[in-house]
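Those sequence lines, one after another, are chains A and B.
So the first sequence is numbered by my numbering: it starts at 1 and just counts up by one.
So the second sequence is numbered by my numbering: it starts at 1 and just counts up by one.
Wrong hints could be hidden among the right ones.
Unchecked claim - The list that follows gives simulated cross-link-like pairs (lysine-lysine, DSSO-like), each with its CA atoms no further than 27 Å apart: (1) A:K16 x B:K60; (2) A:K26 x B:K60; (3) A:K26 x B:K168.
These are calculated hints, taken from the structure and not from any lab test.
Quick caveat, the model's predicted, so the values are computed rather than measured.
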Amino acid sequence: MISDALVKEFQILVGKDNVLESEVDKYAYSYDSAVLDPVAPGLVVRPTTSEALGRVVKLCNDNALPLTVRGAGTNLSGGTIPRKGGVVVLTNALSQILEINEADMYAIVQPGVITAKFAAAVAAKGLFYPPDPGSQAVSTLGGNVAENAGGLRGLKYGVTKDYVMGVEFFDVDGNLVKSGSRTVKCVTGLNLAQLMVGSEGTLGVFNSIILKLVPPPVAQKAMMAIFDDVNKASETVAAIIANKIVPATLEFMDNFTIRTVEDFSKAGLPVEAKALLLIEVDGHPVQVEEDAAKVEALCKEHGAQRIQVAKSAEERNKVWEARRAALSALARVSPTTVLEDATVPRSKIPAMISALEAIAKKYQLTIGTFGHAGDGNLHPTILTDRRNLEEWHRVEAAVDEIFDVALSLGGTLSGEHGIGMAKSRYMEKECGTGTILFSRKLKKALDPKSILNPGKILGD
Amino acid sequence: MADPKELLRLMRELDDQLVSCMRCGMCQAVCPVYAETGRETDVARGKIALLEGLARDMVKDAAGVKNRLDKCLLCGSCAANCPSGVKVLDIFLKARTILAGYLGLSPVKKAIFQGMLAHPRLFNSILGLAAKFQGIFTKPVNEMLGSSCSRVLSGAIGNRHFATLADKPLRTLVGALNTPAGKSGLKVAFYPGCLADKIFPRVGLAVIKVLNHHGVGIYLPEVQACCGIPALASGDMQTFEDLVAANVAFYGGADYDVLVTPCATCTSTIKKVWPTMSTGLAPATREKALAMAEKAMDINAFLVDKLGVAPVAPSQERAKGALKITYHDPCHLKKSLGVSTQPRTVLSQNPDYTLVEMAGCDSCCGCGGSFNLQHYEMSKHIGMVKRDNIAATGASVVATGCPACMLQITDMLSQAGDDIRVKHPVELYAEALP
Ligand SMILES: Cc1cc2nc3c(=O)[nH]c(=O)nc-3n(C[C@H](O)[C@H](O)[C@H](O)COP(=O)(O)OP(=O)(O)OC[C@H]3O[C@@H](n4cnc5c(N)ncnc54)[C@H](O)[C@@H]3O)c2cc1C
Ligand code: SF4
Ligand code: SF4
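Pulled out of the complex, with its shape left as it was, chain A reads as follows (with noise of 0.2 Å):
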């Protein structure tokens, strides 16, 4: 229990509003976009200055009361679902856009704006800021630094943690810690940002985000490979990658995905085929022309059946529109969409949809697949009901054996979606007790008492 006294404390430093105390409004902060159980968190704070946050983390230090940080709540992993009795700290009132400087090509941001709003504001000034999860009209920049997120651009332009120049955090003490700087060399001292990314608000509560900003693409060129057979549209995406072509997008669809998003958005997809891929090159026009050409023959090569290319902007965003809609058409389908991220080398793609569809059929689940190919990084996604228990239990068994097959290929638990909670307990089958224990020293070095987000990535 928080004591009176102290929930005062808390009203002096973020005003009366913006503590939230009573039943209802604390439990609307006992979840996250990850199916995992709800807990209530003792007390919600929503700082609207910087000097706030930092006095409201050493508060919770002081007092030692577990403290998660929360964006949007969008992560798919339990890593904002706080202690029971902690405090959740909310930082979607610290949402200014700092500054945009065009002539070095950086943003400064405070960790509550909304990425997409932020890519707008960027586009405005004619730059581009490519890291774009699908949570992007919602989830905070925060957010995504400290899960380093993906998106569908991740082969050609990486992730977050490629576009993250420095990182100003606040320490559990409540110091303010600088890290990198708005230059595009910079060592000076340890590089505590790219520590910050992926850190699921573990080791320090970001106050301020560098971002580095690029050129747009001058031109773009979307298609679409039609297979009969999901192997060959595998092998396509290891001869891609092998031919040294970098798409800016290469995505993936199978067989049940493309029959549930037709059937939801009517976007004319061909129902038959057993496997699509989404192709976008970009770039300078000239090498546009010259990328899809030769994409279109490797293709071509390797069993399509039939290529679509999208002839005006129209077209390519109906192309983007399906594929924007696989989560969503999939998640129709059933009370429960499971979505996981096990990440494999691209070059071992073609194992690891063979390997899940025999999971799919040794558990009798329906599992739609999608995902960026590209990467390595599919998106098998079980679709159940959770109150069916009986059925549960062998959800629980397929993902335990998703990421068995993804580590045995050389792959990863997670490719953006992070551990939180809900993949804690994997973590040593991947990285050994070696790993672990130097996680767990660090954690204990900057974060003595544990207040940081408790029992995320490391466990307990």
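Add chain B with the ligands to chain A, keeping to what the hints say.
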């Protein structure tokens, strides 16, 4: 019902709908209330989580949940953008009736809904009186009348600049109608809705003029009842059912092709809410209610989709002298019924205007029936964003297809001191007809 076990049982019946929310949070991007407050309890995801908490007995404070649930415009922006296809409004309306049943309806609402709204003739005559004494009614009376969506007497509340009750309601101006189909070969039942009857009879008159012009037969009974949404939104299922039944009695026996209304909220209520929420009606009544729902259509959609009114492209020459007009998409038209091009087509019939789209033309105006009364400051804040977008177009007229939006926008523009008139698209069409 004040038995917590019964509450749990009823809430669990909602469970199948509740579980379809995957907590993706995408509704945060579109919820006007969340945009104001940044509070999770204000967005659909939070509200659904609270209801699930109640259903699973993990949240005890039913009154607290009801309070958060009521802080909602019922604008449907969340549902229209939900990847999972969660029937958010269905859930909210059902939950409101369950919670109102458990916690009881406030005495004021009981008096309004059960004492007055459910008796259309009484309602009409009280309002008839009220029109003559605008401004001298005491506060409780205003509140009472104000919390139905017709908010009819609210001109006198606080510093709001509401349009006031018309001296003569539509029904007094035109009486009952029953004209045969003309050259169009179609006959409609005309359902004006409370606002077009009592505050904006000019909209009702425009509808009649346009229908006559197209040779459409009109059936208009002497009285109509409220569509029921104010009662249902407050959780009063009994009054809602009484009102549906009353409308069935007024309209159900008539012979017509389409039921048209100039009110987006009424159309979406009749079309979408009646079928899902009137399951408690006697089978024969329900059957007629379903038939009405099937035939219900927005007036703009009727003009364009049934009568073939075609868009008039703005010619160079015409653009020169024309005045600017802008259009606000009512949530209940665009998000609920998918009607957004038709009202623009209707507007284009008037050669005196050229359409200039405003930024965020389909974002909610912040009215939301009784939300406006319970959370006036927030409603006003959301409305002022709309006002700024309207003003930025430089238009001299803003059109919108829902009298409830017309009320809210009139209030906002008038508080900001703008000289911009608010009209229904059908009015503009009617003005252009001989
Ligand atoms: C429909 C949908 C699609 C998605 N698509 C993608 C995708 O394509 N790619 C992808 O990578 N992810 C995706 N995600 C996952 C999720 O959106 C991302 O992980 C996103 O980065 C989370 O942002 P958020 O603001 O919601 O963060 P939250 O969920 O609020 O927080 C995430 C983590 O960041 C920490 N955190 C937040 N702010 C701070 C701060 N200021 N300081 C320190 N720590 C902080 C939190 O403590 C938590 O551990 C998707 C999720 C959904 C629901
Ligand atoms: S968008 Fe739909 S599924 Fe997602 S959280 Fe909101 S209501 Fe739930
Ligand atoms: S109906 Fe409108 S106000 Fe209510 S939760 Fe949905 S988007 Fe928000």
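Against the structure, the hints:
At most 27 Å may separate the alpha-carbon atoms for a hinted pair to count; K16 (chain A) and K60 (chain B) meet this at roughly 24 Å. Between the alpha carbons of K26 (chain A) and K60 (chain B) the distance comes to roughly 12 Å, so the proposed pair stays at or under 27 Å and holds. Between K26 (chain A) and K168 (chain B) the CA atoms are separated by roughly 51 Å; this puts the pair beyond 27 Å, and the hint is violated.
Checked against the numbered hints listed earlier, the structure breaks hint 3 alone; every other hint is satisfied.
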